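Chemist: Residue-level listing of the chains:
Number of protein chains: 2
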Amino acid sequence: MPSLAKRLESVPASPIRKLVPYAQAAKKSGTKVYHLNIGDPDIKTPEEMIGVLKSWDKNPISYELSQGSTKFLEALTWYYHSLGFTFIETKNIQVTNGGSEAISMALFATCEPGDEVIVFEPFYANYNSYAALNGVKIHAITTTIESGFHLPSKKTIEKAINDKTKAILFCNPNNPTGTVYTKEEIEMLVDIATEHGLFLLSDEVYREYTYDGKTQVSLLSYMPKVPDQAIVLDSMSKRYSLCGARLGALVSLNPNLLAGVLRIAQGRLSSGFIDQAMASELVHVENQYIVNVQKEYELRRDALFRGLQSIPGVTVRKPEGAFYVIVGLPVGDSEAFCQWLLTDFRDQNETIMIAPAGGFYATVGKGKNEVRIAYVLNTKDLKRSIDLLRIALSLYNKTK
Amino acid sequence: MPSLAKRLESVPASPIRKLVPYAQAAKKSGTKVYHLNIGDPDIKTPEEMIGVLKSWDKNPISYELSQGSTKFLEALTWYYHSLGFTFIETKNIQVTNGGSEAISMALFATCEPGDEVIVFEPFYANYNSYAALNGVKIHAITTTIESGFHLPSKKTIEKAINDKTKAILFCNPNNPTGTVYTKEEIEMLVDIATEHGLFLLSDEVYREYTYDGKTQVSLLSYMPKVPDQAIVLDSMSKRYSLCGARLGALVSLNPNLLAGVLRIAQGRLSSGFIDQAMASELVHVENQYIVNVQKEYELRRDALFRGLQSIPGVTVRKPEGAFYVIVGLPVGDSEAFCQWLLTDFRDQNETIMIAPAGGFYATVGKGKNEVRIAYVLNTKDLKRSIDLLRIALSLYNKTK
Numbered sequence: 409m410p411s412l413a414k415r416l417e418s419v420p421a422s423p424i425r426k427l428v429p430y431a432q433a434a435k436k437s438g439t440k441v442y443h444l445n446i447g448d449p450d451i452k453t454p455e456e457m458i459g460v461l462k463s464w465d466k467n468p469i470s471y472e473l474s475q476g477s478t479k480f481l482e483a484l485t486w487y488y489h490s491l492g493f494t495f496i497e498t499k500n501i502q503v504t505n506g507g508s509e510a511i512s513m514a515l516f517a518t519c520e521p522g523d524e525v526i527v528f529e530p531f532y533a534n535y536n537s538y539a540a541l542n543g544v545k546i547h548a549i550t551t552t553i554e555s556g557f558h559l560p561s562k563k564t565i566e567k568a569i570n571d572k573t574k575a576i577l578f579c580n581p582n583n584p585t586g587t588v589y590t591k592e593e594i595e596m597l598v599d600i601a602t603e604h605g606l607f608l609l610s611d612e613v614y615r616e617y618t619y620d621g622k623t624q625v626s627l628l629s630y631m632p633k634v635p636d637q638a639i640v641l642d643s644m645s646k647r648y649s650l651c652g653a654r655l656g657a658l659v660s661l662n663p664n665l666l667a668g669v670l671r672i673a674q675g676r677l678s679s680g681f682i683d684q685a686m687a688s689e690l691v692h693v694e695n696q697y698i699v700n701v702q703k704e705y706e707l708r709r710d711a712l713f714r715g716l717q718s719i720p721g722v723t724v725r726k727p728e729g730a731f732y733v734i735v736g737l738p739v740g741d742s743e744a745f746c747q748w749l750l751t752d753f754r755d756q757n758e759t760i761m762i763a764p765a766g767g768f769y770a771t772v773g774k775g776k777n778e779v780r781i782a783y784v785l786n787t788k789d790l791k792r793s794i795d796l797l798r799i800a801l802s803l804y805n806k807t808k
Numbered sequence: 409m410p411s412l413a414k415r416l417e418s419v420p421a422s423p424i425r426k427l428v429p430y431a432q433a434a435k436k437s438g439t440k441v442y443h444l445n446i447g448d449p450d451i452k453t454p455e456e457m458i459g460v461l462k463s464w465d466k467n468p469i470s471y472e473l474s475q476g477s478t479k480f481l482e483a484l485t486w487y488y489h490s491l492g493f494t495f496i497e498t499k500n501i502q503v504t505n506g507g508s509e510a511i512s513m514a515l516f517a518t519c520e521p522g523d524e525v526i527v528f529e530p531f532y533a534n535y536n537s538y539a540a541l542n543g544v545k546i547h548a549i550t551t552t553i554e555s556g557f558h559l560p561s562k563k564t565i566e567k568a569i570n571d572k573t574k575a576i577l578f579c580n581p582n583n584p585t586g587t588v589y590t591k592e593e594i595e596m597l598v599d600i601a602t603e604h605g606l607f608l609l610s611d612e613v614y615r616e617y618t619y620d621g622k623t624q625v626s627l628l629s630y631m632p633k634v635p636d637q638a639i640v641l642d643s644m645s646k647r648y649s650l651c652g653a654r655l656g657a658l659v660s661l662n663p664n665l666l667a668g669v670l671r672i673a674q675g676r677l678s679s680g681f682i683d684q685a686m687a688s689e690l691v692h693v694e695n696q697y698i699v700n701v702q703k704e705y706e707l708r709r710d711a712l713f714r715g716l717q718s719i720p721g722v723t724v725r726k727p728e729g730a731f732y733v734i735v736g737l738p739v740g741d742s743e744a745f746c747q748w749l750l751t752d753f754r755d756q757n758e759t760i761m762i763a764p765a766g767g768f769y770a771t772v773g774k775g776k777n778e779v780r781i782a783y784v785l786n787t788k789d790l791k792r793s794i795d796l797l798r799i800a801l802s803l804y805n806k807t808k
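First to last, the protein sequences are chains S and A. My numbering numbers the first residue of the first sequence as 409 and each following residue consecutively. My numbering numbers the first residue of the second sequence as 409 and each following residue consecutively.
Chain S on its own, in the form it takes in the complex (with noise of 0.2 Å):
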């Protein structure tokens, strides 16, 4: 009998979907679940774009082009303009299938098998599985809550540079840390890969959600000064609360980067034909849509933040941005604790989901102590799921 490659156990389970298996018995034995592991807002998709729906005339069902629907790559160029990236145009637009595809794509374009991408830990989870299947390695630099998980110095990310290394893998506004990079973190990043001949990969999922008055300083500021090296990788997912669409964008002005990820797209046919149309609605949808999600995330993010601050031996950071935050719990083991909560804990017959923080390090034994929090859910379910936290963390010490 043949054996399964090797390599398939080095595709991770994510530590943000292990314990569905749980949460599903849970909810089956009539237990209500809030859901803070996973980043699938309760917010509303526009109007504008549910409208495409009901008002759906075309059949059937059709193959659209590789590179992505003519009206959505026109309605995505027309999204990078309305920032001030007019240099944008269409043919520089990889339609791709949610941010993932985006991302898996660019690590396959920019690596050989076994080179190296450097990321900064925790990092968004699933670059473990895309560099998996890619063949890539990440190496991890550690940030720390202390330093609320910015950047460390030029020197120490130089070290880390090696002849494998072919390029710097970043989240800003970063999942999962909610870290915001400063316009100088950034202007680093792009001076390190023009020193060292490197590309740059920027996920810009979360692009509109800062906080404070801090705005993203996005990759695409400095794309035309490295033309060949920036990559940016981006997703419809969060920004209209589209995550069960599965459309996202990889945006660059490399030429020969383009032609190659749309042969891959080739062999993939093409993305979503009802998603595109529906996406495609984003050129309808009000500016003021955006504003008020905005504000949305960060009432939650205060009330998150104000809570979890509260229970003893928690540790947090405010987060600058995006929807999550790593927090630091006065447990041995996150992952059993978060385990324990779908299985053992109980109030009122409620509960909570969380993510274990381990899956977000590459670096082993790292996050053991730490998870993931989503702040996806309105103000007064956050609320009662920080108080079923504060309970759980008294118990679970106490029966531990």
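Please note: incorrect hints may appear among the correct ones.
Treat identical chains as interchangeable: a pair holds within one or across any two.
[What the hints assert, rightly or not] Distance condition first, Cα-Cα at most 20 Å in a straight line; then the derived SDA-like pairs of lysine to any residue: (1) K440 x L801; (2) K436 x H558; (3) K776 x A744; (4) K414 x E520.
Calculated from the structure, these hints are not laboratory results. If you're wondering where the values come from, they're calculated on a predicted model, not measured in any experiment.
Dock chain A against the given chain S, drawing on the hints supplied.
Modeler: Coordinates of chain A only, in the frame set by chain S:
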């Protein structure tokens, strides 16, 4: 400045799609282009499915479960049961982003980089893309138009097996040849897999489309016999004219394979929420829908075959299933001819787009005078397309 990965060059342009820019230019200049290049049917998607869109009442558009939505998994299980494969449970199914992702996942899971998969050429061109993306080598065994593209002897296949061989990948009914393998052929493959410890990857996207009273012999019939080795790859695209819904499935009884494939799926989060809601309605689609579609394709097959036979110098065998045929043309270089059809040839300001067959072979130089024709247009358009091909060929061989 950094170089792109050399492996990016190993991903071929799709022979089905690489001429698209010429087709777009032709259309822009007002020319009508009949698309026989791609299996994108004009058959209507069932109204039961379109109805899901029209009555859409869910907001936001959230992630689905990584394995697939509960409802869609249950619908797929119902479908396999309706075919008589009652041993299939929801746990045996991984929902994929089209058949494409199912094939790619199967290659990743069964082969280490550098391992070999036996495929019978001509084969579905995108197998080359998935092989390149997963670092797998396609070991092609040539089948010929003279033997109706049926499988060679057991001995010939066994000669291709070496210590790198991990699987046999086949498509039945076959894209691009239209061949439907006999019971004896499928049993021979099962025997070879058993004797040599290989995985069997059976692409059964065209299961329902067999003609002249033939029926498909599914690998599912042998799955209980080789539970760890048999993997069936499926898609909704052709069965329900849902090409643009990007939904497929990987079916297996091997629990370790399924667990690994689920980890890959977690990395890309989920398949489309709307697409899965829509496709779940397959349980409400009358069986008559598929019967009618099968009949319609058989009529088209007949019209195409008759028409092609009447063109001087054309070699063609009557396809037994699917909706493709490999056709030998009296031209030296079919790719140049296919391009010329789009750039130079016009009859009453109309032309056709067909796929040069070279890209469906792994052996360099094979298929150079062949094309793949997809009979996905209604009989009237198909007849006009054949006339256009007749006129074009007579003109091409005069002018070139």
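Chemist: Next, verify each hint and record whether it holds.
Modeler: Here is what the structure says about each hint:
| no. | hint | verdict |
| --- | --- | --- |
| 1 | K440 x L801 | within (18 Å within a copy, 68 Å between copies) |
| 2 | K436 x H558 | neither (41 Å within a copy, 50 Å between copies) |
| 3 | K776 x A744 | within (10 Å within a copy, 61 Å between copies) |
| 4 | K414 x E520 | both (19 Å within a copy, 7 Å between copies) |
Of the hints listed earlier, the one the structure fails to meet is number 2.
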